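Student: This is what each chain is made of:
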Amino acid sequence: MKWLWSLLALLLGRGRRGAPAHVERQRLIPEQPPSPRGENIVLALLALAALCFAAFVAVYVLDRLPDHTQLLGLALGLGFAFAAAACIVVSRLLVPVEEISEPYANEPNVAQVEEVEQLVGESGSRLTRKRLLKVAALGTGGAMGAAIIAPIASLGPAIDPDALRRDGWRRGMRLVDSKGRPLSADHIESKSFYTAFPQDVSHDELWAPLVVVRVDAERLDLPHGRDPRLWAPEGIVAYSKICTHAGCAIALYRAPLNEATSARPALVCPCHYSTFDPATGAQVLFGPAGRPLPQLPLLIDERRELRAGGHFSNDVGPSWWGVRRGRA
Amino acid sequence: MRIWLVLLAALALAPAAAADRGRDLYFANCVWCHGAGLQGIESAAAHSSPGNGPAGGPPLLGVGAMAAHLYLTTGYMPLRSPTQQPKRRRPHFSAPDIAALVGFIGAHGGPPVPHVHPERGSVKTGLTIFTEHCAGCHQMVGEGGIVSGASVPALKAATATQIAEAVRVGPYVMPRFDKHDISPRELDSLVRYVLYTDHPDNRGGWSIGLLGPFPEGMVAWLIAGIALLALARVIGEGLKR
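Top to bottom, those sequences are chains A and B.
Going letter by letter, the first sequence gives residues 190 to 517 in this note's numbering.
Going letter by letter, the second sequence gives residues 39 to 279 in this note's numbering.
The set of hints was computed from the structure by calculation and includes no laboratory data.
These figures come from a predicted structure and were not determined experimentally.
In this text, a Cβ means the ideal position worked out from N, Cα and C, and glycines have one as well.
Each hint should be verified, as a subset may be incorrect.
[Stated by the list, open to error] Reference listing, derived: stretches of chain A covered by chain B, where coverage requires no fewer than 3 residues with Cβ under 8 Å from a Cβ of chain B:
1. 270-276
2. 455-465
3. 476-488
[Said to hold, decoys possible] Incomplete in silico selection of chain B near chain A, CB under 8 Å:
4. 94
5. 208
6. 210
7. 218
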């Protein structure tokens, strides 16, 4: 922040340090009266553009508004439109247009170069509030820059990284299907897969959706420390349905009818084909995912219904830089 | 008189003849992989050297007429090599031969060929079920795609019965869905939706292959890009004057 202010001060202060006295030359462009109206329009447009860019940042950061995406597009689009309009007004109303075309000379023509420099200098002579306009343009540019880099915030929470570690599963929570019906252990068949959610919790929570499959007992080879009686009762395993690569839903289950002649059973993400082995704690078999799917321990209650046996084994959702830090 | 007697005898023996036909066809075409008692043949070579060595195939006891009908009417069976992925092609057997084989395999137990009633289902419900269970692999309008290690067939050519059978059987690496997961009523809707995708109602006009965001994005970039270039040109020309 400090360096931003110093940069601003540097840019603004430049003009103040006694500009060298210009050698009076004959004007090339006839002098035109200043146009306060035009300047006001430019200032207003720049202010509007800055406001739109600021609104983009605000909408992006808030992230809770309805029609969020449309508002983002509107703010960014209007911001650029106002900035463009300001540029057009400057060029049409405030800066005289002068076209010079001359044959190209091989030797540098000092007189011509000076002439062009003079033209450039004079073309700004109509502006009366140069510093104010400069501040406005800088402000708008800054707001535009802020709007463009605002999405960096999505790379991970800088203030509250624990927000990514949210896991609402508690021991005893009942698993239900997408229509809210409890999942019975007797209805979980091998070679089939089931999507489950915690009862009475929004399906939009990152930790909520599960994929449940039944694994053959002889194939089961869970990581060290996961007791099959808790993590795979009767061969039933539950993993987070959210891929650890980019957060898509694990919507594919490769379930070979004849295992001897085709690929082994695997959970597959349809986005980038990350492939996980449900028998080994969802270790990555193939694809860009960098870590296994988080597993949820399970209980089978006296009514043969599935319930959570505790928390996930790892953090749910797509990976971020701190995902391996802290909890195992 | 003799002719009538022969005809009568033929009629009486017809079902037996069909069963014999099924048995003959099985022993002529299927026994190599599925075994003389439909018990399947285990093959260690199936893992290591596809195409060579003794063929290995899954047991057919209890798969029922349903699976036999699906695999034979889609041309999935017979396979050239047991490690090959079955692909849809013209059925290898004629319709009466398929009926005879389905009858022979169905006689060993298992679910019958299902009856589906897509006309009783709703496209809307079908879409919801398809999105939840099928679209991950088969894409939204049944165009097919890939899953790691296998290709996913398009559903354009599938008949109502074949769709219902595939849902219950889970051919090749497809998972299967039992009646607790997709009820018979829901299956009617699902089949109706899949049949609908053969001729979807493209409200937007141009379907661009119904492949989703990639072709749509390309069209947007190419057409919108050219339009923006043209606009920039018009503005530039306007400013010159």
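Student: Does each hint hold? Answer for all of them.
Tutor: Results for each hint:
| no. | hint | in the structure |
| --- | --- | --- |
| 1 | 270-276 | violated (count 0) |
| 2 | 455-465 | holds (count 5) |
| 3 | 476-488 | violated (count 1) |
| 4 | 94 | holds (5 Å) |
| 5 | 208 | holds (6 Å) |
| 6 | 210 | holds (6 Å) |
| 7 | 218 | holds (4 Å) |
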